[in-house]
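Asks: Chain by chain, the residues run as shown.
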Amino acid sequence: MAKKIAVETTLNGEETVFLCEPRQTLLEALRDNLGLIGSKEGCGNGNCGACNVLLDGVLVNSCLVLAPEIEGRSVVTIEGIAEDGQLHPLQQKFLEHASLQCGICTPGFIVSSKALLDDNPSPSEHDVRLWLAGNLCRCTGYDKIVRAVLDVAEGDA
Amino acid sequence: MADTKQNGTGQPAANGQNGYKVIGTRPVRPDGVDKVTGRAVYAADVQMTGLLHGFVLRSPHAHARIRSIDTSKAEALPGVRAVVTADDLPVAEDKIEDLGEGAINLKYLSDNVLAQEKALYHGHAVAGVAAVNPHIAREAAELIEVDYEVLPPVMTVDDALAEDAPILLDTLRTDKMGEIGTEPTNLASFFRHQRGDLDAGFAGAHLVVDRTFRTETVHQGYIEPHAATALHSADGQITIWTSTQGSFAVRGQVCEILKIPVSRLKVVPTEIGGGFGGKINVYVEPVAVVLSEKAGHEPVKIVMSRADVLAATGPTSGSNIRVKIGVDADGKISAALAELYYEAGAYPGSPVGAAANVSLAPYAIDNLQVDGYDIIVNRPRSAAYRAPGGTNVAFAVESVVDELAEKLGMDPAEFRVLNGAKENDRRPDGLQYARIGQIETVEAIRDSEHYQSPLEGKYRGRGIASGYWNNWGGQSSATAVLNPDGSVNLSEASTDIGGSRASIAMQLAEAMDIEYEQVKARVVDTDTVSYNDVTGGSRTTFATGLAAYNLGQQLKKEMKRRLADQWDVALGDVCYEDGVFSAGAESLPFIEAAGLVQRDEPLMASSTVHPQDFGPGFSTQCVDVEVDPETGKITILRYTIAQDVGKAIHPSYVEGQMQGGVAQGIGWAINEEYIYDEEGHLLNASLLDYRMPTALDLPMIETIMVEVPHPAHPYGVRGVGEVNIVPPAGAVANAVYQATGIRMDKLPISPARLLEAMWAKEAESAELVPGDD
Amino acid sequence: MATVWIPPLMRSLTDGQQIVEAEGESVRELVAALEKRFPGVADRIIDEGRIRPGWTVAVDGAVQNRGLRAAVGPDSEVHFVPAMTGGNSVQV
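Chains as they are written, first to last, in my numbering: chain A, 1 to 157; chain B, 1 to 773; chain C, 1 to 92.
Careful, some of the hints might be misleading.
No more than 25 Å apart at the CA atoms, straight line, and that leaves these computed lysine-lysine pairs for PhoX-like [said to hold, decoys possible]:
#, chain 1, residue 1, chain 2, residue 2
1, B, Lys95, B, Lys176
2, B, Lys324, B, Lys407
3, B, Lys407, B, Lys458
4, A, Lys3, B, Lys458
5, B, Lys332, B, Lys107
6, C, Lys36, B, Lys176
Covered stretches of chain B, as calculated for chain C (at least 3 residues, CB under 8 Å) [said to hold, decoys possible]:
#, stretch
7, 609–622
8, 677–691
Hints listed in this document are in silico derivations from the structure and should not be mistaken for laboratory results. Quick caveat: nothing in here was measured; it's all calculated off a predicted structure. We put the CB at the ideal spot given by N, CA and C, even for glycine.
Whole structure, please, built from the sequences with the hints as guidance.
Replies: Here is the structure:
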């Protein structure tokens, strides 16, 4: 077994130290070492977006980042999206629009949509579809997801 | 109600229609907050003390005899706790058992979980390892030495039925409804539906179209890979936590494979990240159990990789289909023939039986024959996929119907109205329809703004298609506990894949005339309620909803009885209206009554149902496409679905089923396929190369819910989950014809295929024009 | 007399007849009556005391959960057809 290394990071706003093997991905470390199960593995090679997190505010697939790479950096996962005990507007709108069926892709979509709206508060439908093309959903046909994101965008505008 | 917002189609949200208070509204699902915050526990999220991690070694060959397996090097690797092969499973009988989800040959079931004598597809499981972490488990698996005798692969219908074709299963003989063949074969079964006089029907036809089609293997594509955790305790009790459409289906299969009584196994369903039919068969569950036992009764979790999911689970059948339909001069169908050759994968059991019934179901036909062939090939054992078999055959039939309408000079919607099946007509297997809504769905499309609007531009086209699905009733069990504060705990065992906790709770709330929020619905394990069939067959909101309705009736009746006793009045004098019990001068709101009636004795109810009177579903759909002549890429410009939904309990989730099924159907139509090399190796086992639709590939999907209430359900519910995936491939193919003048006879209509067809057509027309070139 | 639709693959046993009439108050009685007239029919429909795996019986348009025990009325229409369950289909 490879020797474990200590990683210091800011995780959902909290200073955090954890041990990991060098070969562990950020996704694996989040789930298995840190107990944050909200980020999901749908493919393990960057094609489905179910493991999306924000790394220094940038959207990444956590299955394509090695855990030691987050040393000294800031990570926000689905568990850090709601603030002060209140659901984020995206979370609320996903519920109201019935934007999830099985829900396995939902954390990735919410994190990804947050990254979009942080960058572009008033996206067009095309902007939303283009941005979310990195997130696969097999249940909904995307209709209700896109509507939820547009609803939040309009609310913020 | 929590949500009175605009719904996905821009229509105002319903708020209690037709006298309903809860049904027709759009409340937030009970499991919603957990799912948007990342707290919901799916199969791979299960953690427990001492957890070991499993890995399954798979065959690199499509067809090979396993001479021997040497696991010694793997066992010696530090951190490895157990290694298992098929020798660790009890010997399975070559015998067919009905496990409640259809008849299954027990040997095939067991051999698919861990290959015994032969590996029958690239990705077939041959051994399992448990270790202290997943990396070591994988490294150990690579140390297992399997000695294979590689055999020639059989990849298609044509390969399998060829003279001198290699035989996959030595003991297989063709079954023709109990008449068993004598020779080894890859044709597992043959059946026929036939009525009327086919020859006379074709002989008298004004016009006959006869075409053959090919569709490729596709996968259900759920985003959550299969995963299971098993604990084989030292006392012999076994628990499995898994993502499944049916916890009892898992119990039944695992108990048969491991030859243990059901009393020793509890299956706990986790949240499930999509299934679409693909999470009914067991794969890793029995392997995790035997690993757990061998590893000293420590829990073992196996999570499949995406590549393994594509290579070894699902998929649904590729098929060769011939359709021949004749019409008279007025456009009435005079005869129809369909021949369906479905690839079952490595073991018998393609969905050809269901496909035969889908085939010509939307049409009233007196002279008909449908032949079904179930054929084994060196591909993964096929699993159910949303209206299993339906999309393949509807693509073929709807293409022929479109061609007939065109040659007759008829509007394709009018052709479908003229020939549409209705009450007392017969479906392909001969059964008579009760009240159905096929023609209503055609009329809804014909009259829609979409169909009536012009579509202009080169390389653009519009197509429509219809589809049928049988639906199912199945067995359901549920219990309800009345709490003293007036809330009700509803326990049911239908795993919730798309909001069924909500749609079932709503029916209980409606039945009891209480608020939706008063019902706490939860999905429980196999020790907690009685037997429950899978979430599949579009049956859950229908059948488990019926159980919930019954629970409401029982609780109300018992509350009345106890109130009569409390109030010292005759039972017949107690009324319940608008959430208030009353008798003479006595009056008590439900919430207070809930406390009063339980002063002496608690109150709960249980219900088991097995409805056999379920109504089939129909859908007609309209699509506009644009074809890029440079690349062959198809863009979906606009899509409208009309579907007979019986009664929409939670309209948002009904729309969601319709939109989701169509999205899958579009993927099937234009991109998705398994690509194998000549040796039978799967070449595209990733979500980059197995190309499912993204948000950018689809427009908003418009929904028209046609409500033809099903007479045999108290709220008129019909299953809505499956029929929506049946028409899309046919609709897209018909639109592509309008756009390009080419009738594509193969699925998917991928850019490469379409481009080649367009080039071929150009070359052909160039040859026809003298002097050109 | 109930009307029984004979599956095409069994019509060699019924001299090619598609539809026959038979007496019986249950599917089991009906099959017994058919067997008397068309020897061999029962063997094809019944296996180990039940409807053959992968097949099912429908009476008056509805697939019967009770199989051979299902009731048959004097004017009933009876079909033996491939089973479709679990969102899945025939798994022979």
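Asks: All hints, please: hold or fail.
Replies: Here's how the hints hold up against the structure:
1. B:Lys95 x B:Lys176: Distance of about 17 Å is within 25 Å: holds.
2. B:Lys324 x B:Lys407: Holds, at about 15 Å.
3. B:Lys407 x B:Lys458: holds, 22 Å
4. A:Lys3 x B:Lys458: violated, 63 Å
5. B:Lys332 x B:Lys107: violated, 48 Å
6. C:Lys36 x B:Lys176: holds, 22 Å
7. 609–622: Satisfied; 3 residues make the cut.
8. 677–691: violated (count 0)
Of the hints listed earlier, those the structure fails to meet are numbers 4, 5, 8, in rising order.
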